[in-house]
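Asks: Residue numbers (the numbering used here): 51 to 260.
Since the hints were derived computationally from the structure, they do not count as laboratory data. Worth double-checking, as some hints may not be accurate.
To be verified - Pairs of lysine to aspartate or glutamate residues, derived as EDC-like cross-links and limited to a Cα-Cα distance of at most 16 angstroms, are as follows:
{"#": "1", "residue 1": "86", "residue 2": "71"}
{"#": "2", "residue 1": "55", "residue 2": "216"}
{"#": "3", "residue 1": "79", "residue 2": "127"}
{"#": "4", "residue 1": "79", "residue 2": "130"}
{"#": "5", "residue 1": "168", "residue 2": "153"}
{"#": "6", "residue 1": "53", "residue 2": "216"}
{"#": "7", "residue 1": "148", "residue 2": "189"}
{"#": "8", "residue 1": "99", "residue 2": "110"}
{"#": "9", "residue 1": "72", "residue 2": "85"}
{"#": "10", "residue 1": "90", "residue 2": "71"}
{"#": "11", "residue 1": "168", "residue 2": "130"}
{"#": "12", "residue 1": "55", "residue 2": "185"}
{"#": "13", "residue 1": "53", "residue 2": "71"}
{"#": "14", "residue 1": "219", "residue 2": "235"}
{"#": "15", "residue 1": "72", "residue 2": "145"}
{"#": "16", "residue 1": "72", "residue 2": "87"}
{"#": "17", "residue 1": "148", "residue 2": "235"}
{"#": "18", "residue 1": "148", "residue 2": "185"}
{"#": "19", "residue 1": "219", "residue 2": "153"}
{"#": "20", "residue 1": "173", "residue 2": "189"}
{"#": "21", "residue 1": "168", "residue 2": "108"}
{"#": "22", "residue 1": "53", "residue 2": "153"}
{"#": "23", "residue 1": "72", "residue 2": "130"}
{"#": "24", "residue 1": "55", "residue 2": "130"}
{"#": "25", "residue 1": "99", "residue 2": "89"}
{"#": "26", "residue 1": "103", "residue 2": "195"}
{"#": "27", "residue 1": "168", "residue 2": "138"}
{"#": "28", "residue 1": "155", "residue 2": "216"}
{"#": "29", "residue 1": "103", "residue 2": "235"}
{"#": "30", "residue 1": "72", "residue 2": "89"}
{"#": "31", "residue 1": "173", "residue 2": "125"}
{"#": "32", "residue 1": "116", "residue 2": "127"}
{"#": "33", "residue 1": "116", "residue 2": "96"}
{"#": "34", "residue 1": "173", "residue 2": "108"}
{"#": "35", "residue 1": "168", "residue 2": "185"}
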Amino acid sequence: MQKIKTIIFDLGGVIINLYVDKTISAFSKLSGLSDKEVEKAYLSADVFKEYEKGLISDAEFRNSLKANFNLKATDTEIDEAWNAMLGEIPADRIEAIKSLMRDYKCIVLSNTNAIHAKAFHEKLTDSFQYQHLNDLFHEVYFSHELNQRKPDQEIYQNVLGLSQTEAGKALFMDDSQLNLDSASELGIQTLHIPRNNGFINLVEDKLSKI
Numbered sequence: 051m052q053k054i055k056t057i058i059f060d061l062g063g064v065i066i067n068l069y070v071d072k073t074i075s076a077f078s079k080l081s082g083l084s085d086k087e088v089e090k091a092y093l094s095a096d097v098f099k100e101y102e103k104g105l106i107s108d109a110e111f112r113n114s115l116k117a118n119f120n121l122k123a124t125d126t127e128i129d130e131a132w133n134a135m136l137g138e139i140p141a142d143r144i145e146a147i148k149s150l151m152r153d154y155k156c157i158v159l160s161n162t163n164a165i166h167a168k169a170f171h172e173k174l175t176d177s178f179q180y181q182h183l184n185d186l187f188h189e190v191y192f193s194h195e196l197n198q199r200k201p202d203q204e205i206y207q208n209v210l211g212l213s214q215t216e217a218g219k220a221l222f223m224d225d226s227q228l229n230l231d232s233a234s235e236l237g238i239q240t241l242h243i244p245r246n247n248g249f250i251n252l253v254e255d256k257l258s259k260i
């Protein structure tokens, strides 16, 4: 294996804890549907992928949710339900990132959207005084800004090019094995991080073996 020069971090489930069940429950309460019905719609609706790719506006996304779930909710109520999945950002992860940045180029590659990005950055500012992930990482890439999303391989190829990184010298950490498998096919080294379990010991162990 080649020596790692760049570490690519997923955001949700790796840096910030993610609780999708909380958003499902929140939309269940707003809509009167069961959690199972909301979850089925969440997993099957193309609107979520379109929104993550920045192909529809915030207003179009909210209107689609209103139609899909027969919501009579306000925009604020919808945003609060959508953001319910965003959990805490453990301080030890921020410290670990700062430490890794001394020896590696550290970048973020996240499937996200405009509403979540705004809410996440508010959490980041409240907890750590960083206004934006760009204040912490060397580079930040969001799916809704690139109009691409994981696990499609073009997003990895795009980010490798933008960051001037060779695939074999990059280590990509994600909580989705599907995303990792797609990146691995391009020669990117990968590390699975169980959702919300933290990456510190896992990445230290991985880097010590490369």
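Asks: Quickly compare the C-alpha distance for residue 79 and residue 127 to 16 angstroms and report which way the hint goes.
Replies: holds (11 angstroms)
Asks: Does residue 185 sit within 16 angstroms of residue 55, going by the straight-line distance between their CA atoms?
Replies: violated (20 angstroms)
Asks: Would you mind confirming whether the straight-line C-alpha gap from residue 168 to residue 153 stays at or under 16 angstroms?
Replies: violated (29 angstroms)
Asks: Is it true that the CA of residue 173 sits at most 16 angstroms from the CA of residue 108?
Replies: violated (20 angstroms)
Asks: Would you check the hint for residue 79 and residue 130, treating anything up to 16 angstroms between C-alpha atoms as holding?
Replies: Holds, because 12 angstroms separates the two Cα atoms, which is no more than 16 angstroms.
Asks: Is it true that the CA of residue 116 sits at most 16 angstroms from the CA of residue 96?
Replies: holds (15 angstroms)
Asks: Does the structure keep residue 55 and residue 130 at a Cα separation of 16 angstroms or less?
Replies: violated (38 angstroms)
Asks: Sort out whether residue 85 lies within 16 angstroms of residue 72, counting only the CA atoms.
Replies: holds (10 angstroms)
Asks: Can you confirm whether the C-alpha distance between residue 103 and residue 195 stays at or below 16 angstroms?
Replies: OK: residue 103 and residue 195 at ~7 angstroms, within 16 angstroms.
Asks: Hinted pair, alpha-carbon criterion (16 angstroms max): residue 53, residue 153. Please report holds or violated.
Replies: holds (12 angstroms)
Asks: Given the proposed pairing of residue 53 with residue 71, does the C-alpha separation stay at or below 16 angstroms?
Replies: violated (38 angstroms)
Asks: Need the status of pair residue 148, residue 189: alpha-carbon distance at most 16 angstroms?
Replies: With a Cα-Cα distance of about 13 angstroms, the restraint between residue 148 and residue 189 holds, given a limit of 16 angstroms.
In the structure shown, a violation is registered for the earlier hints numbered 5, 12, 13, 15, 17, 20, 24, 29, 31 and 34, in ascending order.
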